[in-house]
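Just so we're aligned, residue 3 is where the sequence shown starts under the working numbering, counting upward by one.
Simulated from the structure, these hints should not be mistaken for lab results. No incorrect hints appear here.
Within a straight-line C-alpha distance of at most 35 Å, the following computed DSBU-like cross-link-like pairs (lysine-lysine) qualify:
no., residue 1, residue 2
1, K41, K9
2, K41, K73
3, K41, K6
4, K73, K9
5, K41, K65
6, K73, K6
7, K6, K65
8, K9, K65
Derived Cβ-Cβ restraints for the label pairs, each shown as a range:
no., residue 1, residue 2, range
9, E134, H78, 28 to 34 Å
10, T128, Q25, 16 to 22 Å
11, A55, Y102, 26 to 32 Å
12, T128, F22, 18 to 24 Å
13, A74, P18, 38 to 44 Å
14, K6, Y102, 21 to 27 Å
15, H78, N46, 29 to 35 Å
16, N46, A77, 27 to 33 Å
17, I32, H78, 18 to 24 Å
18, D109, N46, 34 to 40 Å
By construction, the Cβ of each residue, glycine as well, lies at the ideal position given by its N, Cα and C atoms.
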Amino acid sequence: MSEKSQKLVFEQPDEPFVIFADQVRLSQVISNLMTDAAKYSDANSSITVSIWAENDDVLIRVKDRGIGIPKADLAHVFGAFYRADNEATRKEAGIGVGLYFCHLIVDHHCGEITAASEVGQGTAMTIRIPREFPTESVENISPAA
3 MSEKSQKLVF EQPDEPFVIF ADQVRLSQVI SNLMTDAAKY SDANSSITVS IWAENDDVLI
63 RVKDRGIGIP KADLAHVFGA FYRADNEATR KEAGIGVGLY FCHLIVDHHC GEITAASEVG
123 QGTAMTIRIP REFPTESVEN ISPAA
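Produce the complete structure using the sequences and hints provided.
Here you go:
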């Protein structure tokens, strides 16, 4: 973000809350979303990271004012090796696995990741994960061999 002089805005609630999650993997997801937001946004633009609790879930949103994603591509952006095809994305390196891995990690947390976007206006990626890991998910995890 410093190369483009972009501004990072962080919005969080006044009251802290606890979330049971894999800190390393969840950090990778947030880092990837922030990197994409910076990559596809103009210099001197703002990227906003928001976190809040809603019922038994935690929501994290990374929002930019970048190039946006065409509506036809939104349904596919979390697929393996998928990249939206427009002039601006062709200028940036990538093979289309970042959002796919984000989707897998969030899915393993029994959550969901969604994208909302408007071409030329920016993109908002929102993660919703339960504050506590559901017991049935823990029971289905096989121990490492």
